[in-house]
Amino acid sequence: MTIYLPAGWTPARAAGRSKVGFSQCTTLEPWRVQFNKDIQAEAKNHPDIDLIITDGQDKTEKQVADCDNLIVQQVNVLLVSPKESAGLTGVVEKAIDAKIPVIVLDRNVDTKRITQFIGGDNVAIGKAAGEHAVKLLGGPGKAAGNVVEIWGGMGTQPAHDRHDGFHAFTDKEPGIKYLLNNQSGDWKQDKAYDIMTTALRNNEKIDMVYGHNDPMAYGAYLAAKDAGRDKDIKFIIGIDGLPDEGVTWVSKGQLTATFLYATPGAEGLRQAAKLLKGEKLKPVITLPTMLITKENASEILKKNG
Amino acid sequence: MKALFRLLSRTKLYWGLLLICLIGAVVSPHTSSGHNIFLSYGNLTDVLRQVSITGLVATGMTMVILLGGIDLSVGSVMGFSTVICAMLLTKPGWTSASVLGVPAAILVSGAAVALAARFVFAGLARGRDVSAGRRREISLTHWQRTGIPGLLGLAAAIAIGWWTMGQVPAKFGVLGVLVIAPCLAMVLGGINGLLIVAGRLQPFIATLAMMVSALGIARLTAGSDNAVVPVYTGTNATEAFELLRSMLWGVLPVPSVFFLAAICLFGAILRFTTFGRYAYAIGGNIEAAKLSGIKVAQVQLTAYLLSSLLAGIAGVLFVAQYRQGKPDAGTGLELDAIAAVVIGGTSLMGGRGGLAGTFVGVLIFGLLSDILQLQNIDSNVQLVMKGLIIVCTVLVQEQNLGQLVARWRFRRSGEAQADPRTAEPHRPPSAAKAEFAREDLDEAS
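In order, the protein sequence lines correspond to chains C and U. The numbering used here applies: residue 1 is where the first sequence begins, and numbers increase by one. The numbering used here applies: residue 1 is where the second sequence begins, and numbers increase by one.
Think of the hints as simulated: they come from the structure by calculation, not from any bench. Where is the CB? At the ideal position from N, CA and C, for every residue including glycine.
Heads up, simulated DSS-like pairs for lysine-lysine below, C-alpha to C-alpha not over 25 Å straight-line:
no. : chain 1 : residue 1 : chain 2 : residue 2
1   : C       : 37        : U       : 91
2   : C       : 177       : C       : 225
3   : C       : 191       : U       : 386
4   : U       : 91        : C       : 302
5   : U       : 91        : C       : 252
A few chain C residues that face chain U, going by a derived Cβ cut-off under 8 Å, partial list only:
no. : residue
6   : 29
7   : 30
8   : 154
9   : 183
10  : 189
11  : 190
12  : 193
13  : 194
14  : 198
15  : 202
16  : 204
With the hints as extra help, turn the sequences into a complete structure.
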């Protein structure tokens with residue numbers, strides 16, 4: 001009769017199991033779907049952990065309510081992947097005040113009191129993409145070509161980081177020209193398709209497309225293919241490297257390269273398990289990126305089954 | 001002179017379209033060989049292709065708005081249709097789509113042609129009556145009422161059956177998907193209509209509920225852990241599906257053929273059939289329509305069904321174009337469609353407007369996007385400019401701008417220091433003149 005037990009004495013704890021709550025901000029994007037798959041797959045390796053996943057449905061207020069709910073359920077560790085920093089800061093602090101350790105994933109919150117932050121480094125990935133682009137266009141000092149850059153959401157930090165990182169390398173090359181001025185594909189394949197259609201109409205020579213994520217790069221590829229110009233545009237670069245998307249497209253030769261933006265799902269749960277065993281955590285873990293080209297794409301696909 | 005002014009004022013939407021084309025042509029960038037990109041054939045067909053999805057949805061939306069309703073669910077319904085379509089293409093359902101689709105296509109097309117023929121005959125009979133200036137009801141003979149439409153429907157069914165027989169088997173599936181996905185979308189529209197007609201919910205509420213729940217239904221259909229249903233991974237279906245993205249006889253993009261056909265078909269239905277006449281009557285005054293014996297519920301239900309049908313077809317075209325089905329494919333589309341309808345001069349109060357206006361409205365919106373994109377203007381600035389365009393067009397449309405300017409001129413000339421309310425009983429000549437001008441404008445609409 002659990003209801004007569006004192007607060008905090010839940011059956012899960014009685015059986016020596018622990019509860020980990022994970023507040024995901026949306027599942028409407030493939031990357032987020034993969035994120036959830038990763039954390040669920042990792043949870044199978046920890047039979048003593050009960051994982052609760054909530055879906056914020058792309059709304060800050062829904063995600064805050066989700067977190068409140070998880071706090072009320074007295075989870076042992078709270079994992080949060082915020083929709084936006086400011087909106088989630090309050091509820092994260094509330095969890096810490098309630099003595100629940102918080103691990104923040106992918107996007108950070110505006111407080112230093114969290115237990116750990118795990119995420120990829122978008123600037124570093126953008127730089128890696130820029131370096132690779134310069135190499136493909138003729139090497140440092142000699143690189144030349146017309147580049148189309150399709151932005152993710154204009155108001156989101158990852159898009160700006162991926163833009164800044166890329167330009168840190170390519171801006172040094174006088175031969176590289178940019179054809180589009182801040183055109184946002186909103187992370188979506190269909191919007192990128194339409195932008196690219198017009199760009200193709202407007203420019204007779206396009207050498208490279210840099211999409212802030214794989215679906216947009218693929219949308220640009222489709223537009224070029226429909227216009228019969230996919231052979232002229234040699235280099236289409238994306239970011240994310242999901243097995244079903246970017247890696248598949250790269251292995252088929254539709255995209256030249258993509259850069260892995262690993263989801264912090266598996267790592268997040270591993271760290272939570274460590275914490276539950278009483279280990280101390282590093283304050284920040286940065287996930288590494290990886291260049292995916294035709295050479296290693298099929299290997300990665302095999303590894304993912 | 002006055003006649004010319006009236007003509008200009010009555011057709012100002014078309015002049016607006018022409019003006020936009022002119023601006024586009026003047027400011028357009030050129031290719032290195034000196035060709036104007038905006039006026040190039042490829043660009044103009046691109047615009048037509050890009051507006052077709054919004055256009056199809058706006059066509060349905062026009063009919064709903066004419067009836068004094070609104071359909072907020074079209075975006076989600078379209079998302080649902082893209083998911084169904086993509087799943088039929090990629091899952092084993094493709095084969096069953098072929099098997100089910102062909103008979104379904106034949107049945108539906110036959111019935112549709114028969115129904116349309118009946119409507120047209122009924123409309124023509126009444127139309128002749130009006131032009132004769134007599135108020136005599138010409139009743140249809142039995143042959144006209146059922147015989148000719150039946151024969152036409154049969155002919156259409158045979159023609160479509162003949163055509164499909166001649167195609168390679170894979171193409172059956174295209175037809176199947178084109179029927180099945182919109183039909184399932186229509187089920188959602190039917191629920192909308194029933195909620196409004198039988199449940200007496202306000203259209204805004206009923207379709208708002210459907211907008212939310214259809215997104216959920218779409219996500220559940222896709223499998224709740226799938227954000228996107230891709231169509232690109234090795235199906236023979238994608239090859240056959242290319243048809244829906246290609247150019248018809250190398251001239252018109254196929255999506256825009258659907259859009260143009262929908263505009264013509266439903267434009268004719270609104271103009272020549274009893275359904276159309278009833279729609280205007282209900283939108284104008286629903287009480288009067290009820291009292292004069294119009295079957296209001298039937299007409300309303302039909303409008304919501306048609307709206308979701310067109311959203312469903314738009315969904316199939318979306319999948320063909322972008323090679324993916326996704327539940328949130330149409331998010332925000334309902335607002336684009338409403339904007340196009342409003343730019344086209346259809347009143348949100350219902351009873352006034354039409355599909356010709358919507359067609360121009362959709363084109364104006366599409367051409368503007370194209371011009372802004374060709375100018376390579378920042379995405380955020382584009383959003384602001386589109387908002388401005390909606391406001392300006394409607395101001396001109398509704399003639400509020402004319403009134404504003406008239407009042408301003410009025411003040412400037414210093415003839416009207418007096419408050420108009422106190423001036424009313426005296427009626428100074430200038431005020432009377434201004435009012436006359438305003439009446440003139442109203443009359444011209």
